[in-house]
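Participant: Listed here are the chains, written in short residue letters.
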Amino acid sequence: MTEMIKLFVNGEEVEVESGKNLIDALEKVGIEIPHFCYHPALGADGNCRMCLVGIEEGRPPVVPACKTPAKEGMKVLLDADHIKKIQHDVMELEFINHPTDCPICDQAGECKLQDYYMKYEGTESRMRVPQVKKRKVQDFGGGVIHDQERCVACGRCVRFLRQITKTGELGLVNRGDDCRVEFFPGRPINNRYGLNVVDLCPVGALTSADFRFKQRAWFLKRAESICHGCSKGCNIMVDHNKEKYEDDIIYRIRPRHNEQVNGWFMCDAGRMTYKSENDNRLEECTLAGTVRPLTDILADAQSRIEKASKALFLVSPSASLEQLVAVQALAEKTGAAVSAFSDGYIVKDDGDDFLIKDDKAANRTGVDLLSIAKSRTHFDNMAKEADVFINFDNDLSRSLSEEQIGKLFKDTWVLNAATHPGHLGTAMAGKAGASVALRSWSEYHGVVVNCDGIAQKFVGGVMKNIERPDIVEIAAGLGSPATGAAAAWALVQKKIPALAEFGSFLELPAEGVNLTDNEAGK
Amino acid sequence: MAAKVKQLPSRGGTPAEKVYLIEIFKGMGITLRHFLRNLWDNSNLYVRHYPEVQPNIPAHWRGRHRLLTHSDGTPKCVACFMCQTNCPANCIMIKAGERTDGITEKMPVSFTIDLAECIYCGYCVEACPEDAIRMDTGIYAFTSSNREEMKIEMDEMLSLKGGYTEEEYQKGLEDE
Amino acid sequence: MSDRSKLIATGKPFKFDKKYDTEFERLVKRYPSRESMILPALWLVQEQEGWVCEEAIGYVADRIGTFASKVYEVATFYTMMNLHPVGKYHICVCRTLSCWLRGKQEIVNYFRDELNLTPGKTTEDKKFSLEEVECLGHCGSAPVLQINGEFYENMDVDKVKKLLATFK
Amino acid sequence: MTTLDIVMVIVRVSISAFVPLCFLAVCVTMERRVAGFVQDRSGPNRAGIYGFRAGGLVQNLADGIKLAFKEDIISEHVEHKFLYVLAPIISMAAAIISFALIPFADTLVLDGKAYVMQGIPWDTGILWFLAVTGFSVYGIILAGWSSTNKYSLLGALRSASQVISYEIPMGLAVISLLIVYGSINLSDIARFQGQNWLGFIPMWGIFLQPLAAVIFIVAAFAECNRTPFDLAEGESELVAGFHLEYSAMKFAVFFMGEYVAMFASSAVIVTLFFGGYNIPFFSTDFLIRNIKPVAFVMLVILPVFMFYFAKWIRRNNRSQYPRENDPREAEATVYIRCFWILIGVIEVFLLAILAFAQPDTAAAHLLVALMQICTFLLKVTLMLFVYVWVRWTIPRFRYDQLQILGWQKLLPLALLNIFVTGAIVVALG
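Protein chains in written order, with the numbering used here: chain B, 1 to 522; chain V, 1 to 176; chain F, 1 to 168; chain R, 1 to 429.
Here chain B stands alone, though its shape is the one from the complex:
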């Protein structure tokens, strides 16, 4: 526990954590101090002057909250007249050259200038001279579009690229009212975290070319999820929306703050994973080449598993713990083998020491925790023995070539449950078997364990028009003892005692549960 100190805000006593600056300390207890340039991840810069607060009986009497540590007995003034005037004047200054193009600005709805205007200023502009014209649509590279006129010169983007990615593409050039963010000619943003500057930008100066004009922020529904792009498990916010008469699609993915996993950021590749959630999805369930209802396929598969001398289930290392456990329980019941063979998910030397990892599977630690075999030899041996093979959304085409897959399952009856086509390569396309279209991670709930052994819950909020089953449902349909999400979670708790205290996965804390000390470490 951090030490608590007492201070006074507007005369009222407040207890806050020590060792933090005023903005952070007071934000924890729900008191907002307006600020543009300060960001917890980037530290104080003190250039926007919006966070100026009064200190009663102190020297100096007015200080920037971002640079002032909270001290015992401090008397902070937030609603004094002179503070209000400062906030009002700073806002007025920001608006001198700010174009009022909120109608076409993607930031509208989540823009600090808009919010603070409504809260702290709210007056008409007094400027009667023409505004300084700057460049409007400027491609910053890396999918970032810049609008110089909207910039408030807070420098968050500049500091992010210098402090966090250490690439320093952007700089604040010129001075005075001509000040603007620019990259040095010929050296645009070129790193794998560049789109974070879009989130950092408190106004609409930096927008994502990918999200640009696609949807207004206030229409988007938010789902707190975990990125399935790699084993880091960055916490994300899935912004999706169902337009009238259309399908529920994801418009963008934003990082969500989690100090022990990803901090405030995520990589660009992770942001783009939403595209595969929207497009090119498997839509139909087929049996021997014809479209059939799911129940028929499951009944057929179940009878085949019962008759089979050996069945092999291949699970995906990105599946949630519940799904893994459901398949595992099914295998225990039917005497089938389970493999999580997924060597192809590991992309050598792709990772870095920040957020991107080599392993592109979201839940490999979970696979290990449940002691599911994942070696090539085990998989090969089992595949040779098995006459029924069920693939639960493992993209085998990453690990093996088409010929290899075709050779392995030459005489095997194959049920391919997958989110996307092509998981078994095109070699399997003509083969008489069954395929089931699955829900993807943005559509179901669950728990995954990241590379550091942190178990994190994710909530899928996307509701597609085409109803697809979850792996847990399929396993239940094939006779798994895990008949539903709750039963699967109970099994997970049996296998991973560290999670036993949580009645349902929703009770997991937002920052995740670190399993390294007890479970993952053994």
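If you're looking for bench data, these hints aren't it; they were derived computationally from the structure. Using N, Cα and C, we set each Cβ at its ideal position, and we do this for glycine too. Warning: the hint list may mix true and false statements.
[What the hints assert, rightly or not] The following label-pair restraints were derived from C-beta to C-beta distances:
#1 B:Asn465 / V:Lys6: 45 to 55 Å
#2 V:Leu8 / B:Ile466: 49 to 59 Å
#3 R:Ile73 / B:Asn465: 18 to 28 Å
Please arrange chains V, F and R on chain B, whose structure you already have, making use of the hints.
Facilitator: This is chains V, F and R only, laid out in the frame that chain B set:
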């Protein structure tokens, strides 16, 4: 200014009123009077004999929507989605895209209004920051044989002309 | 104030001459951090070329080992850095209060009438270029001209006329 | 059984079966036109065949055709399709047969044989009506339940409890009437009302039992699910209530059933309280004895009535906006000519009777029976008008108000009425 509230005495408390029947007969007397008068001579009905007698549509009448254009024929709309946000019937569907003619950066790629769902509240007109949508065409009757045809697209709305001059329209706004 | 963010590229790679190279190496040792060399290095560029081109900024950044954007920031911040080619004689007229009151405008007008030279421009023979700058710090002897680093105080049109004659 | 017997059976049954159905058109037109006039509108006046609109009747034809040809949908979620289809049939059939025991003319004596002018000459009388209208609620309950729709079910529930609530005051009101009339046979009741009190007041139920009349009429409104008691439909709350899931002809059958039930209950009200088929002040015997003067009076009255009727048609059947060669005036001319031809035919008939008929012959009996049937239908039409008139005057009750009215107001009043009536009857011996 305080709202002008007219206080009405509450009715129904007297014994005569509690015996429903008297009041019912009074009411029936009124309806019978109207019935007999109109039965005797139906030339006094408060009816407009539409469609033979056409109504006179005032300028602030909310008719069918149109999208306004700049003088060069490009749409004024910047696809800010304000109308869609405000639409209580949820009948406006916009898709936005880049604009290349240099007026702004954004313009609608498609702008669809489902007239079958529109309730003609005029909120879209009020919400529009660019004065790009108006309901001043004076067209008040439109039908179709299926739902799809009731969806009007951007081109159609752009090609519609206002039914009034600018002065008449502005005056109509004041009258409203 | 004008937008100085548009850099001019010469199309040729920039390199310090031998003289400035040694000077750079000498200066670099004086500072605790190499980033402190940005401003001196830019001065060296300006001494060598008379102005700072895009390639020069990139060269300086690489030479120092810092972000080009940082050098870019510095170069655009300080108006003493000429980001476009200037004439042989770079005339800076102070335009701040004292000089303005004491008749800076007449001098500027004289340049306009005599040499067809307006602030920010260079004569066609690349001999003179004129610029209005902020306070040069000699308000006591306003108006002030700075030509290629030399100060000329208490100026008026006659003095300017004589001065120009010496340059021709 | 003679041929005459068979003919008379056919005539009686067809009158009691088809008159309610024919009156559907009258009911619906009246509903629409009265609604229009009460609200200062004009009602349906566009649908026409070659410009002939028949005062809105053609609109009914158009609606009928539309309903008959509409797609007949049975939703997939309806599990009990048989009951679902049965429901409108029950409500229609119950409505039609509830009219079967109502006498529409005095007993007709032909060739010395008496023919009771009811669809079914049965003695159960008013009890039949109570039983059958009580049965019609099964149609509504089945419809509401089998529709598998919450609104429908709510409507059906409301209807069921409403019928239970109002059957009781209705039955009690009838009991006090029966004490007075001393019979449950509707023919007897109607004949009883043919007498005159003190020579000039007809002994109608409304004068003998005013309280019972009010209670019965209110309860009859409730039984028919008519406004102000149409909570089973309650479109502002229940969309359309019990028939929400019904479409096309099945809906039409419900719709017709409602109007037939309205007709039947009007007929019962007329029979119980308004002298049934009796022409006021003139008993059947009197008319049969004085057939010639009666025929003569009618001979004179009919053309006079037609003259004013023609003027009324002229005045009201024209366009209300400037129009060249107004086709509606031509239309009116055609109507007037048709009516005059009809009157002419009747006049010839009456002349024949005047010339040849003797009192107390079959012709006299038939004429009187016809006059009584017309009187009966006229009274029923007026009662139907009251139904429509009430509908367009009084707003719908709230459900608790409805139950309060039924149980706390009508029931005690009906009981009180029985005691008072009983006491008076006993006192008068």
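Participant: Are the hints correct? Go through all of them and say.
Facilitator: Okay, the hints, checked on the actual structure:
| no. | hint | verdict |
| --- | --- | --- |
| 1 | B:Asn465 / V:Lys6: 45 to 55 Å | holds (52 Å) |
| 2 | V:Leu8 / B:Ile466: 49 to 59 Å | holds (57 Å) |
| 3 | R:Ile73 / B:Asn465: 18 to 28 Å | holds (25 Å) |
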